[in-house]
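Participant: The residues making up each chain are set out below.
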Amino acid sequence: MTALRKLSFDAIVIGGGGAGMRASLQMAQSGFKTACLSKVFPTRSHTVSAQGGITCAIASADPHDDWRWHMYDTVKGSDYIGDQDAIEYMCSVGPQAVFELEHMGLPFSRFDNGRIYQRPFGGQSKDYGNGGQAARTCAAADRTGHALLHTLYQTNLKNETTFLNEWFAVDLVRNQSGDVVGVVAIEIETGEVAFVESKATVLATGGAGRIYASTTNAHINTGDGIGMALRAGYAMQDMEMWQFHPTGIYGAGTLVTEGCRGEGGYLINKDGERFMERYAPNAKDLAGRDVVARSMMTEILEGRGCGDSGDHVYLKLDHLGKEIVHSRLPGVTELSKTFAHVDPAVKPIPVVPTCHYMMGGIPTNVNGQAITQIDGKDQIIPGLYACGEAACVSVHGANRLGGNSLLDLVVFGRAAGIFIQEQLQQGIEYAAASADDVDHAVARMNTLNSNEKGEDTSTLKKELQSCMQNYFGVFRDGEYMKKGREELNVMRERIANIAIEDKSKAFNTARMEALELQNLFEVAEATAIAADERTESRGAHSRRDFPERDDKNWLCHSLYHPDSKKLTRRDVNFSPNTVETFQPKVRTY
Amino acid sequence: MDDRTEFNRLSWHSRRGMLEIDVMLMPFTQYHYRTLSTNDQLAYRRLLDCEDQDIWEWLRGFQVPQDESLARIVVKIRQASCDLGVTQADP
Ligand SMILES: Cc1cc2nc3c(=O)[nH]c(=O)nc-3n(C[C@H](O)[C@H](O)[C@H](O)COP(=O)(O)OP(=O)(O)OC[C@H]3O[C@@H](n4cnc5c(N)ncnc54)[C@H](O)[C@@H]3O)c2cc1C
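Chains as they are written, first to last, in this note's numbering: chain H, 813 to 1401; chain V, 3 to 93.
So that you can see chain H by itself, here it is in the shape it has in the complex (with noise of 0.2 Å):
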């Protein structure tokens, strides 16, 4: 066995960006002993990517708005399977945690009334889809995640949490009797190993969009939480539902923010046609972003696309006027010239729907806790608790809406560290983990390091994301999702076997990376077989050969378990609180 250094602290969260440091901050504002964990220093957390905004009914641009208004859209953009108990708790509470930010000193724009400013997202409407667009997004400039992370990050520091930055989370430790009690992780910049103690872990390590060769996502996103989550047995929820965003610039992926379509942009094929308008009559360019992404591979499948190869289409936006395109929209312009060289002022933006946010994760109640399945029933996981892009409460269900990301962060941050805290309060005890428990946690990295033949990780991410893309994006299919897991089968053990010829301590990063890209394997078979086996097509998850959405089989979440790799259903939750469950309709916008 090895003898680790230990660290014990009544909670710990792996993951410094919104959903972590709003945890911590709520913990640590209780006075208990709570640690922020994360491979990047906090404020470098893909969060600061955030530049759109937070969804939540303030009602600031509109004082009749309500939030159950939001409540209706956001069903309506899960395609029905977010949970309704959880999307009435996030709609309903967003205000006060929006408040509650604005008080930390979070510098929203204002509108000249001084309250704070709000813009139109896709998918928003008033009075249940009959009063036409909100405007409900809360904006601070085109920084909101930076805004939000830095604010987030001054008020932990206030309230003393301590915060392990650089630190590289590997595995979870439970007990004998399965209790979560802590994680394994590597101080980067020593290459020390620590056993970190604690009595809640809260997993809030983001999303894994590096599953997929095109994406928006940054390096860092690669499903850490998920990876060690499915390592230790625990089941995923809705992993087959992946939103691809209708404008990632062509080659580069970076995102052209969907403000530009609130703004009066519009998405043209090779004739020059808003074709939007033939696919959603009324809501046209705003439309949910998964119908959106849609209409535009259909566009190009069907030879319709722009460019040489046809395999793109462009976001129009010179009609606006040079004058307004600057102003409204500051880095479109330099964005565009710098990842497509046009001037959108004067030529249209090349886009194509490009992989963004991973809807499914860990599924949890409100309060944070991990949930996985035994024989049919839920069970809570002892000790393990998961909030932000890595979790499943499922609040997005099959399609998210632009800005509900940043809300469900805070608000599920904040719920998380609420429960925790008073948790702590009544008192938690759980068996200490024994040596053993702890090697178990350091057994894949020894590996690893150990390993003298195996191949090299930029090779095989390569592999893995290219099988992503190609089997497994906008539009699937059964017989290509065979082969594409076919091709997973073959690389696990590749994957598990990579040989990293760097065996130094400080600042490794080819270990980091080759642990990251273990971690991306785990959550793209998770997607592979989740994406195989819904046999219908809803919200993101869209089948050639089951093109029609089938309530009578999959108005449910799915659950991928990982011993089994079998999938098993999982009721939606459709029993809100305080007003009446939202009827699964036809989606039209």
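Calculated from the structure, these hints are not laboratory results. All the pointers check out, no bait thrown in.
Capping the alpha-carbon separation at 16 Å, the derived lysine to aspartate or glutamate pairs in EDC-like fashion look like this:
(1) H:Lys-1364 / H:Asp-1383
(2) H:Lys-1134 / H:Glu-1075
(3) H:Lys-1295 / H:Glu-1345
(4) H:Lys-1378 / H:Glu-1345
(5) H:Lys-1317 / V:Glu-8
(6) H:Lys-1315 / V:Asp-5
(7) H:Lys-1315 / V:Asp-4
(8) H:Lys-1265 / H:Glu-1305
(9) H:Lys-1317 / V:Asp-5
(10) H:Lys-1149 / H:Asp-1130
(11) H:Lys-1149 / V:Glu-59
(12) H:Lys-1159 / H:Asp-1130
(13) H:Lys-1149 / V:Asp-85
(14) H:Lys-1397 / H:Asp-1363
(15) H:Lys-1315 / V:Glu-8
(16) H:Lys-1317 / V:Asp-4
(17) H:Lys-1128 / H:Asp-1155
(18) H:Lys-1082 / H:Asp-1123
(19) H:Lys-938 / H:Asp-874
If you anchor each label on the Cβ, the simulated ranges turn out as follows:
(20) V:Thr-40 / H:Glu-1114: 54 to 60 Å
(21) H:Phe-911 / V:Val-66: 34 to 40 Å
(22) H:Glu-1264 / V:Met-3: 25 to 31 Å
(23) V:Met-3 / H:Thr-974: 23 to 29 Å
If you want the ones that stay clear, here's a sample from chain H, every Cβ over 12 Å from chain V, calculated:
(24) Pro-907
(25) Asn-1301
(26) Val-1384
Glycine is no exception: its CB is placed at the ideal position from the N, C-alpha and C atoms.
Since the structure of chain H is already known, use the hints to place chain V with the ligand on it.
Facilitator: Only chain V with the ligand this time, still in chain H's reference frame:
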């Protein structure tokens, strides 16, 4: 820190919170950093300590860093990204 460790540190620190920055800094660290003068290397290391939002403002030409050596390295990174072309792939 020995050379390899320092280079590894820079590689880790050029992975940022935004893909837009990744696709410019990661290849720059990989292919250009070692060819820079000592002064420019120093400036690059200082750049990596800055905030993502600032780096992003500079790299997209929205603002110019007040610090001259940072401004100089930003120009070099922008130039290198133009030359290499920007893609999704790992450097
Ligand atoms: C380009 C882009 C724009 C977006 N714009 C918006 C928007 O306008 N509005 C909106 O609502 N949503 C938006 N989203 C989605 C939203 O930004 C993300 O879903 C959200 O920020 C995720 O936050 P998080 O706290 O769950 O995780 P992250 O912010 O990704 O943080 C994850 C944290 O976990 C840590 N971590 C991960 N693995 C490990 C490990 N092994 N060991 C230790 N630490 C680890 C990381 O260091 C990091 O601190 C956007 C997404 C993208 C890609």
